[in-house]
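Add chain F to chain R, keeping to what the hints say.
Protein chains: 2
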Amino acid sequence: MKARVTITLKPGVLDPQGRAIQNALGGLGFAGVAGVRQGKVIELDLADGTSEAEVDDMAKRLLANTVIENYRIELL
Amino acid sequence: MKARVTITLKPGVLDPQGRAIQNALGGLGFAGVAGVRQGKVIELDLADGTSEAEVDDMAKRLLANTVIENYRIELL
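Residue numbers (this note's numbering), protein chains in the order written: chain R, 1 to 76; chain F, 1 to 76.
Okay, chain R solo, but in the shape it has when bound (with noise of 0.2 Å):
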């Protein structure tokens, strides 16, 4: 089975990376960007049966940094 776990920064974080593309977007001539989130997007590989709560469990101790990250659990 497979979960994909998508990281993003909390409102309010500061996100350098988005700014830099939010930058490199305006300086190719793309008009109209108002605002970057950049975040990750985890794919999992997992045995049959895998529960979601350990899929969270996964998350919260490992993949995402739960101070200043929210994240997002989806079983495919």
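Hints may contain errors.
Stated by the list, open to error - Short, incomplete list of chain F residues facing chain R, as computed with Cβ under 10 Å: (1) Ala-24; (2) Leu-28; (3) Leu-62.
Just so you know, these hints were derived from the structure itself, not from any lab.
For every residue, glycine included, the Cβ atom is placed at its ideal position computed from N, Cα and C.
What follows is chain F alone, placed relative to chain R:
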């Protein structure tokens, strides 16, 4: 309007970050993790009326390295 661009490594491309996460999950005692792939998710805050073709152009020219990465666009 918002758009989300999900960027993942193409199959077959070595993913050292994914491998490191897999080893770390094993070290924390999570069994049954057969594989981990890490990618990026970029959330764009765009002017209304921005077309998917423009977002596709942004992805091709800046956001993704199309030699080793695939990307998927969602208009939100």
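(request) Would you settle whether the hint for Leu-28 of chain F is holds or violated, based on the nearest Cβ-Cβ distance to chain R being less than 10 Å? (result) 6 Å, holds
(request) Please verify that hint: Ala-24 of chain F, Cβ, nearest Cβ of chain R, below 10 Å or not. (result) Holds. Min distance 6 Å.
(message) Next item in the hint list is Leu-62 of chain F. Is there a CB on chain R closer than 10 Å to its CB?
(response) Because about 6 Å separates Leu-62 of chain F from the closest Cβ in chain R, which is inside the 10 Å limit, the hint holds.
Of the numbered hints listed earlier, not one is contradicted by the structure.
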